[in-house]
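*Asks:* Listed here are the chains, written in short residue letters.
Number of protein chains: 2
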Amino acid sequence: MPNISERGREMPASPIRKLTPFADKAKLEGKKVYHLNIGQPDIETPQGMISAVKNIDFKVWAYTASEGTLSYRTKLASYYKKYNYNIEPEHILVTTGASEAIMISMMACLNDGDEVIIPEPFYANYNAFAYCSGVNIKPVLSHIDNGFALPPIGDFEKLITSKTRAILICNPNNPTGYLYAIEEMEALKQLVLKYDLYLFSDEAYREFCYDGRVFVSPMHLDGLDENVIIIDSVSKRYSACGARLGCIITKNKKVYSAALKFAQARLSAGMIEQIAGEAAVDTPDEYFEKVNSEYTHRRDVLVQGLNKINGVFCPNPGGAFYVVAQLPIDDADKFCQWMLESFEYDNHTVMMAPATGFYSTPGAGYNEVRIAYVLNTDDLKKAMICLDEALKIYPGRVLGTKEVVAATGSNS
Amino acid sequence: MPNISERGREMPASPIRKLTPFADKAKLEGKKVYHLNIGQPDIETPQGMISAVKNIDFKVWAYTASEGTLSYRTKLASYYKKYNYNIEPEHILVTTGASEAIMISMMACLNDGDEVIIPEPFYANYNAFAYCSGVNIKPVLSHIDNGFALPPIGDFEKLITSKTRAILICNPNNPTGYLYAIEEMEALKQLVLKYDLYLFSDEAYREFCYDGRVFVSPMHLDGLDENVIIIDSVSKRYSACGARLGCIITKNKKVYSAALKFAQARLSAGMIEQIAGEAAVDTPDEYFEKVNSEYTHRRDVLVQGLNKINGVFCPNPGGAFYVVAQLPIDDADKFCQWMLESFEYDNHTVMMAPATGFYSTPGAGYNEVRIAYVLNTDDLKKAMICLDEALKIYPGRVLGTKEVVAATGSNS
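As they're listed, the protein sequences go chains A and P.
Under this note's numbering, the first residue of the first sequence is numbered 1, with each subsequent residue one higher.
Under this note's numbering, the first residue of the second sequence is numbered 413, with each subsequent residue one higher.
Hints listed in this document are in silico derivations from the structure and should not be mistaken for laboratory results.
No residue lacks a Cβ here, since even glycine has one placed at the ideal position from N, Cα and C.
Be careful, since some hints might not be right.
Said to hold, decoys possible - Here are the computed lysine-lysine pairs in the DSS-like style, where the Cα-Cα straight-line distance is at most 30 Å: (1) P:LYS746 / A:LYS75; (2) P:LYS746 / P:LYS804; (3) A:LYS27 / A:LYS59; (4) P:LYS493 / A:LYS25; (5) P:LYS794 / A:LYS54; (6) A:LYS334 / A:LYS290; (7) A:LYS59 / P:LYS471; (8) A:LYS54 / P:LYS702; (9) P:LYS437 / A:LYS59; (10) P:LYS466 / A:LYS75; (11) A:LYS59 / P:LYS746; (12) P:LYS746 / A:LYS253; (13) P:LYS437 / A:LYS18; (14) P:LYS793 / A:LYS27; (15) A:LYS194 / A:LYS75; (16) A:LYS59 / P:LYS494; (17) A:LYS82 / A:LYS290; (18) P:LYS575 / A:LYS25; (19) P:LYS439 / A:LYS251; (20) A:LYS59 / P:LYS793; (21) A:LYS163 / P:LYS575; (22) P:LYS443 / A:LYS81; (23) A:LYS75 / P:LYS443; (24) P:LYS665 / A:LYS59; (25) P:LYS494 / A:LYS32.
As the list claims (entries may be wrong) - Now the in silico label distances, taken between C-beta atoms and shown as ranges: (26) P:ASN704 / A:ASN347: 48 to 58 Å; (27) P:PHE700 / A:PRO395: 52 to 62 Å; (28) A:LEU159 / P:GLN602: 36 to 46 Å; (29) P:GLU753 / A:MET1: 48 to 58 Å; (30) A:SER257 / P:GLN602: 52 to 62 Å; (31) A:SER257 / P:ASN558: 36 to 46 Å; (32) P:ILE797 / A:LYS59: 26 to 36 Å; (33) P:LYS606 / A:VAL398: 51 to 61 Å.
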């Protein structure tokens with residue numbers, strides 16, 4: 001039997017999906033599992049997008065242009081104009097989800113062995129895309145104590161070597177929900193210009209900013225045209241994760257041309273998705289207002305619920321639909337698996353993503369989990385009760401941060 | 413401005429799509445362009461597949477399982493059973509087109525620097541996938557004189573090194589249309605077992621075999637369970653190229669597990685595509701009979717038309733919907749571009765794919781083009797008239813094979 005490849009062996013498993021077999025088993029045993037592990041919202045896809053699919057008229061389900069149809073790119077450009085992005089259809093390259101957008105961007109901009117600096121915790125699959133493209137991730141640690149704000153620019157600078165080629169941010173952030181402020185974006189701009197780096201900005205959660213906070217893209221900053229690569233997706237914006245439709249936006253013509261060659265190799269993104277994506281741009285503002293109000297409410301319920309649990313700490317994030325919470329546990333991977341395998345409360349349990357997979361520094365995030373607030377508030381409340389009960393009896397329970405503080409009196 | 417990557421610079425442009433800007437310009441100038449460059453059939457997608465899309469009922473366009481829905485994989489297994497593949501749903505990993513299937517298979521099975529032997533000419537984008545995954549292609553030359561039959565196994569063996577990990581075939585072949593006979597498949601089996609190699613079999617054109625010839629898959633051969641990776645796609649089978657839906661089939665559990673990790677990183681294939689793909693399995697046999705009869709007719713018209721042109725030689729292939737023809741020209745890249753830029757006959761011209769991009773040996777195929785017979789016979793006839801006229805006046809015309817033979821008297 002031929003061996004599989006080293007990268008096949010060493011490729012990191014998705015922390016979001018790796019516990020799925022345990023969840024499946026729990027369900028077979030009759031448990032109800034609250035899925036807070038994955039960013040698959042229960043929010044309905046806009047009716048206009050669904051209608052576009054149902055009313056589609058075609059005889060041949062054909063390839064489109066590799067860069068995406070002109071019609072879709074033109075419509076997309078109008079969506080971005082509403083956000084004051086000064087871009088045209090020729091700056092947009094349509095991709096099969098943000099996943100492919102990141103992969104192609106890394107391939108087009110970075111060589112094997114080049115380095116990209118990413119504030120951690122970060123979206124776990126960045127590890128996989130970097131691994132596939134031979135790029136090395138240099139993590140710069142952000143901290144739960146200040147809600148995972150952008151680390152000081154000095155921390156980035158310490159990591160810069162002759163191999164550093166890019167900074168990658170996700171804004172609003174997955175997994176932390178942190179929304180970068182204008183000052184943080186300006187600081188990143190100066191860094192990027194000083195060292196002539198690419199700035200990859202994953203903006204899949206752009207629509208989800210709460211408490212009146214303002215979203216700032218590098219596209220809003222002057223002087224970065226050659227440096228910025230925007231990564232986007234319709235998955236979260238329109239609750240259409242299964243559409244696998246995203247894009248790269250860049251005004252750097254060399255990057256665009258190189259990216260197009262990678263796009264040509266896989267021929268095109270989906271035809272129906274692009275038709276639906278075009279219709280989606282006409283989604284009325286009320287849809288987003290309603291969705292954002294729902295997410296704000298869920299976040300409040302979740303964050304309050306978490307912080308009420310003895311030993312748990314969770315910051316209150318400004319965007320996206322995730323939080324990273326610190327639990328009084330020895331090992332998040334063990335705990336999350338234990339919740340599925342060995343725990344039930346009233347025949348319910350909760351699936352969460354261990355935060356370790358969102359860090360690349362070994363050991364970091366060992367007592368943190370990512371929770372996606374993609375269920376309604378009733379279910380979220382029940383899930384929090386479950387979590388509270390689980391933490392009471394989990395064999396690997398340790399003192400929580402607040403408890404340590406109280407026990408040592410170091411809050412004095 | 414930061415530089416793009418070396419791989420971004422060196423990534424080969426698609427020979428199928430790279431002349432598109434010239435075709436676009438020709439069309440702007442009012443010329444009608446016959447598109448014989450790309451395997452985008454004009455054949456209608458089965459009604460059942462279109463109805464499945466139009467009648468779809470969903471509220472959330474959601475991710476599916478990373479390996480594909482159980483429902484679709486179960487149905488797909490029944491499709492393969494009709495072809496006497498002894499496989500189950502758990503051997504199928506659903507992908508975003510055959511493109512992704514090849515990329516993931518290479519990543520899971522081969523390391524950076526490993527070698528895969530491929531009979532050339534081969535599907536041009538294999539170059540791109542190999543390039544992206546750091547795999548080196550070792551081409552083994554097949555010849556137009558015998559219709560691009562499998563090269564002697566001795567030619568493969570000469571190329572085997574400690575780095576050789578796989579053989580990749582495309583059957584029926586893109587670009588040559590050659591259908592491998594049982595004896596050729598058996599010879600490959602012995603080779604693969606002798607050197608413990610993977611056998612990647614790209615079977616996107618399985619349904620298209622002509623003149624009563626029989627399709628043979630490595631899945632029909634005993635003793636290869638751990639070696640075989642089937643690459644498949646619905647694109648050509650159901651004239652649904654824009655659906656971007658394919659799969660990997662393997663009974664090698666280690667390969668499957670490794671491939672799944674790569675699949676998890678990109679979350680899932682399209683939801684609607686899998687629903688449509690499930691419906692497509694119920695496509696009645698008459699659909700394929702009608703389509704095959706149409707393609708057989710087109711092939712006959714095309715091959716006869718080509719061989720009638722002074723200096724042109726084209727074998728008569730047994731499958732797929734491509735031919736590679738030898739033309740009396742100095743340089744296929746120049747000629748194909750010239751056809752679009754500088755030629756018109758009755759305001760018509762033809763777009764073809766220069767065969768050079770389908771070889772990895774420099775210089776090979778310099779006087780060959782790939783022609784896809786994806787247009788109706790009337791258009792094919794008109795395209796052949798165009799080509800004939802073009803060859804009469806093309807400034808880089810040279811003596812064709814038959815003319816050289818006649819001129820030197822070496823046919824005696």
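*Asks:* Compare the structure with each hint and give your call.
*Replies:* Structure-based check of all given hints:
{"no.": "1", "hint": "P:LYS746 / A:LYS75", "verdict": "violated (36 Å)"}
{"no.": "2", "hint": "P:LYS746 / P:LYS804", "verdict": "holds (15 Å)"}
{"no.": "3", "hint": "A:LYS27 / A:LYS59", "verdict": "violated (41 Å)"}
{"no.": "4", "hint": "P:LYS493 / A:LYS25", "verdict": "holds (29 Å)"}
{"no.": "5", "hint": "P:LYS794 / A:LYS54", "verdict": "violated (38 Å)"}
{"no.": "6", "hint": "A:LYS334 / A:LYS290", "verdict": "violated (37 Å)"}
{"no.": "7", "hint": "A:LYS59 / P:LYS471", "verdict": "holds (25 Å)"}
{"no.": "8", "hint": "A:LYS54 / P:LYS702", "verdict": "holds (28 Å)"}
{"no.": "9", "hint": "P:LYS437 / A:LYS59", "verdict": "holds (27 Å)"}
{"no.": "10", "hint": "P:LYS466 / A:LYS75", "verdict": "holds (23 Å)"}
{"no.": "11", "hint": "A:LYS59 / P:LYS746", "verdict": "violated (35 Å)"}
{"no.": "12", "hint": "P:LYS746 / A:LYS253", "verdict": "holds (25 Å)"}
{"no.": "13", "hint": "P:LYS437 / A:LYS18", "verdict": "violated (50 Å)"}
{"no.": "14", "hint": "P:LYS793 / A:LYS27", "verdict": "violated (61 Å)"}
{"no.": "15", "hint": "A:LYS194 / A:LYS75", "verdict": "violated (35 Å)"}
{"no.": "16", "hint": "A:LYS59 / P:LYS494", "verdict": "holds (27 Å)"}
{"no.": "17", "hint": "A:LYS82 / A:LYS290", "verdict": "holds (19 Å)"}
{"no.": "18", "hint": "P:LYS575 / A:LYS25", "verdict": "violated (41 Å)"}
{"no.": "19", "hint": "P:LYS439 / A:LYS251", "verdict": "holds (27 Å)"}
{"no.": "20", "hint": "A:LYS59 / P:LYS793", "verdict": "holds (24 Å)"}
{"no.": "21", "hint": "A:LYS163 / P:LYS575", "verdict": "holds (29 Å)"}
{"no.": "22", "hint": "P:LYS443 / A:LYS81", "verdict": "violated (35 Å)"}
{"no.": "23", "hint": "A:LYS75 / P:LYS443", "verdict": "holds (28 Å)"}
{"no.": "24", "hint": "P:LYS665 / A:LYS59", "verdict": "violated (39 Å)"}
{"no.": "25", "hint": "P:LYS494 / A:LYS32", "verdict": "violated (38 Å)"}
{"no.": "26", "hint": "P:ASN704 / A:ASN347: 48 to 58 Å", "verdict": "holds (55 Å)"}
{"no.": "27", "hint": "P:PHE700 / A:PRO395: 52 to 62 Å", "verdict": "holds (60 Å)"}
{"no.": "28", "hint": "A:LEU159 / P:GLN602: 36 to 46 Å", "verdict": "violated (53 Å)"}
{"no.": "29", "hint": "P:GLU753 / A:MET1: 48 to 58 Å", "verdict": "holds (53 Å)"}
{"no.": "30", "hint": "A:SER257 / P:GLN602: 52 to 62 Å", "verdict": "violated (45 Å)"}
{"no.": "31", "hint": "A:SER257 / P:ASN558: 36 to 46 Å", "verdict": "holds (40 Å)"}
{"no.": "32", "hint": "P:ILE797 / A:LYS59: 26 to 36 Å", "verdict": "holds (27 Å)"}
{"no.": "33", "hint": "P:LYS606 / A:VAL398: 51 to 61 Å", "verdict": "holds (57 Å)"}
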